[in-house]
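K.L.:
Based on the provided sequences and hints, a complete structural model is requested.
Okay, here's what each chain looks like letter by letter:
There are 2 protein chains.
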Amino acid sequence: MRESQLLLIPGPTPVPPSVLRAHSRPMINHRGPEFASLQQELVDGLKGVFCTSGDVLILTCSGTGAMETAVVNVLSPGDLVLGMVIGAFGDRFAKIAEVYGARVERMEVEWGKAADPSRVAERLRRDKNKEIKAVVCTHNESSTGVTNPLKEIAQAVREHGALLLVDAVSSLGAIELRTDDWGVDIVASASQKALMNPPGLGLVSVSQRAWEASKKAKMPRFYFDIQQAKSFQEKGQTPWTPALPQMYGLQEALSQFKEVGLEAMWKRHARVAEAARKGVAAMGLKLFADPAYASNTVTAIHNPDGKDSAPLRKLLREKYGLVLAGGQAKLSDKIFRIGHMGFVGETEVLSALACLGMGLKELGFEADTQAALAAAHETLR
Amino acid sequence: MRESQLLLIPGPTPVPPSVLRAHSRPMINHRGPEFASLQQELVDGLKGVFCTSGDVLILTCSGTGAMETAVVNVLSPGDLVLGMVIGAFGDRFAKIAEVYGARVERMEVEWGKAADPSRVAERLRRDKNKEIKAVVCTHNESSTGVTNPLKEIAQAVREHGALLLVDAVSSLGAIELRTDDWGVDIVASASQKALMNPPGLGLVSVSQRAWEASKKAKMPRFYFDIQQAKSFQEKGQTPWTPALPQMYGLQEALSQFKEVGLEAMWKRHARVAEAARKGVAAMGLKLFADPAYASNTVTAIHNPDGKDSAPLRKLLREKYGLVLAGGQAKLSDKIFRIGHMGFVGETEVLSALACLGMGLKELGFEADTQAALAAAHETLR
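Taken in order, these protein sequences are the chains called A and B.
Each residue of the first sequence is one higher than the one before, starting from 1 at the first, in our numbering.
Each residue of the second sequence is one higher than the one before, starting from 1 at the first, in our numbering.
Just so you know, not all the hints are guaranteed correct.
One copy or two, it doesn't matter: identical chains are merged, so the pair holds either way.
Straight-line distance between alpha carbons at most 25 Å, and here's what the computed SDA-like set of lysine to any residue pairs gives [what the hints assert, rightly or not]:
1) Lys319 <-> Pro26
2) Lys218 <-> Lys314
3) Lys361 <-> Leu350
4) Lys235 <-> Lys307
5) Lys307 <-> Pro33
6) Lys235 <-> Gln5
7) Lys216 <-> Pro77
8) Lys319 <-> Glu34
9) Lys216 <-> Glu98
10) Lys230 <-> Arg178
11) Lys215 <-> Pro77
12) Lys235 <-> Pro311
13) Lys95 <-> Ser76
14) Lys113 <-> Asp308
15) Lys314 <-> Pro26
16) Lys314 <-> Lys330
17) Lys215 <-> Val99
18) Lys113 <-> Met219
These are calculated hints, taken from the structure and not from any lab test.
All figures in this text were calculated on a predicted structure; none of them were measured in a lab.
P.N.:
Structure below.
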């Protein structure tokens with residue numbers, strides 16, 4: 001393995017050296033005063049990133065664990081759930097609810113497109129008896145490179161009154177998400193995406209409505225019980241021994257976040273993503289996602305030959321140390337993906353375009369690297 | 001906070017500098033070839049520590065998550081479970097089974113004592129209809145500083161045929177545990193104890209009987225589904241994004257483990273623990289645990305004045321940087337605890353005795369530090 005890689009997958013993302021160094025701090029007592037003050041600082045910082053004045057809980061798990069936390073704490077077996085499925089992660093969210101006994105009605109759209117808020121509103125209006133207890137929705141679908149119009153979806157859900165549970169694993173901190181203003185009840189996220197940390201922490205915000213629902217929710221939970229998490233947080237602890245290194249790292253990352261500012265972070269992601277998309281298109285490749293809803297954290301690209309991208313990705317990894325992602329689930333042979341979130345900036349996207357162009361040519365494909373770099377330059381200026 | 005602490009709690013435990021440094025390695029693609037070879041190396045090393053040729057799965061969670069994994073994958077709601085409760089962690093294991101719908105029959109013993117294998121055997125013999133599907137048992141109960149006679153308990157369970165699920169969070173790698181030879185079906189453990197790593201990874205071994213049971217088990221699970229974990233492990237991945245830093249750290253820690261040897265590790269823990277117990281007793285303090293079953297990873301001590309140990313622990317922490325643990329649950333005001341596992345050796349235990357003696361005297365208690373150190377020296381010679 002090369003000592004240094006350009007890791008442009010949709011997470012884990014490259015981690016700033018100062019955050020990596022923080023991961024090497026010695027252990028502390030997770031039931032002592034140093035931990036209490038560390039956790040408080042993280043929770044305060046995270047509330048800013050989540051745009052909430054409600055609760056934010058820090059769990060030791062990956063993003064999928066945070067999604068499971070969202071589901072099992074506010075629902076009961078038999079509850080009807082509307083699942084917005086626009087890709088592999090929307091499908092996963094729906095599956096979690098099903099596994100725990102919910103009746104899930106899937107609202108599917110063609111992969112590459114976003115959910116249609118008016119269709120959501122229409123379905124919820126037809127639910128006169130308020131049978132639908134929750135809507136589960138991916139904010140940014142990293143499997144297809146599409147961002148759902150969450151603000152508009154949330155508006156429809158708020159008019160109905162159901163709970164809105166959102167997977168924001170690959171959007172939090174990178175793409176506008178206003179938890180309180182939009183009325184999102186649980187936002188589930190993780191440390192290893194735009195928050196510039198290694199994986200290991202799940203993060204969830206919890207609204208007052210969600211707390212009320214949690215009192216009646218009958219799905220079984222122990223490790224992911226938010227009431228336990230909350231009661232321990234109040235005494236400066238976590239119920240179970242937490243992943244301390246990731247918390248040290250998050251302390252450092254959040255201070256960098258604060259310095260830049262959340263809205264500036266959103267703008268930076270938009271600019272870098274636009275450069276990636278314009279560059280890729282100018283190179284002669286075909287973007288996969290509906291341009292109106294293209295993600296600012298992941299760019300999905302049709303495979304140049306319509307077949308597997310594995311040989312291309314292998315060449316890029318071995319020769320240039322550039323690591324890109326393939327497709328997931330039914331897209332595994334159809335697309336490849338460039339992740340650009342968190343610590344990934346202009347330099348990395350320009351490098352990726354340059355290497356990608358070289359790699360494509362070496363494999364005998366047409367690729368206008370000059371045009372790609374020019375288009376990216378133009379955007380970034 | 002002092003820059004350097006002597007962290008002698010029952011986990012997290014002090015982490016060797018080389019393991020801490022490993023935590024600062026840059027991220028890699030968790031679906032790429034480097035990860036596959038890392039995970040394979042860890043699984044191979046862990047099989048040695050678990051004494052199993054069966055499967056070992058690496059999860060991103062704390063020890064409690066590993067315990068939940070053990071329960072939900074092999075049981076169904078309504079199943080009768082025999083729960084050995086000798087302290088707070090046995091109680092937790094039983095609670096997890098209850099939360100997921102098992103009928104748990106608790107076999108309680110006075111805290112400070114070990115479970116009695118003949119009582120277990122007797123109860124299981126009375127279960128003519130094989131109603132009891134599983135026995136859940138703590139190997140080392142860190143809340144009381146007691147180690148259960150697991151080999152004998154396992155023998156009774158194997159004669160009956162029930163599944164044996166063991167919480168070895170604070171024993172794995174430190175106290176003799178022969179998963180295959182004794183016939184333990186799932187051993188649940190974690191990274192932050194004797195394995196000399198920060199918290200963040202749950203570890204479970206799975207026997208063939210447990211795999212069979214998992215096919216019929218109806219408790220809901222998604223994040224902790226071992227069949228998913230196994231099928232991804234077979235292709236060199238994990239189902240969900242794993243805590244990479246802890247895996248880097250474990251690679252380093254396991255190589256140190258291999259160098260020393262597992263049985264030598266068990267012996268080292270026994271020697272260091274004996275020094276701690278003899279030192280504490282010679283100092284004039286009263287040990288809490290039944291001496292016949294005293295733990296080699298945690299020493300529990302009656303509070304010197306029969307009241308809260310918080311002032312003593314605060315003094316030790318602030319003045320000497322020595323961090324000890326209080327009691328848990330119903331023992332919170334009765335005992336304090338010294339953890340001595342993993343990277344903790346002779347030096348640390350001698351230092352702890354010296355500081356403890358100083359601290360006690362400063363608070364006006366009798367404490368024969370000289371005798372304590374002499375007794376510990378004698379043991380360690």
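K.L.:
Going through the numbered hints above, which ones does this structure break? Give me the numbers in ascending order.
P.N.:
2 and 18
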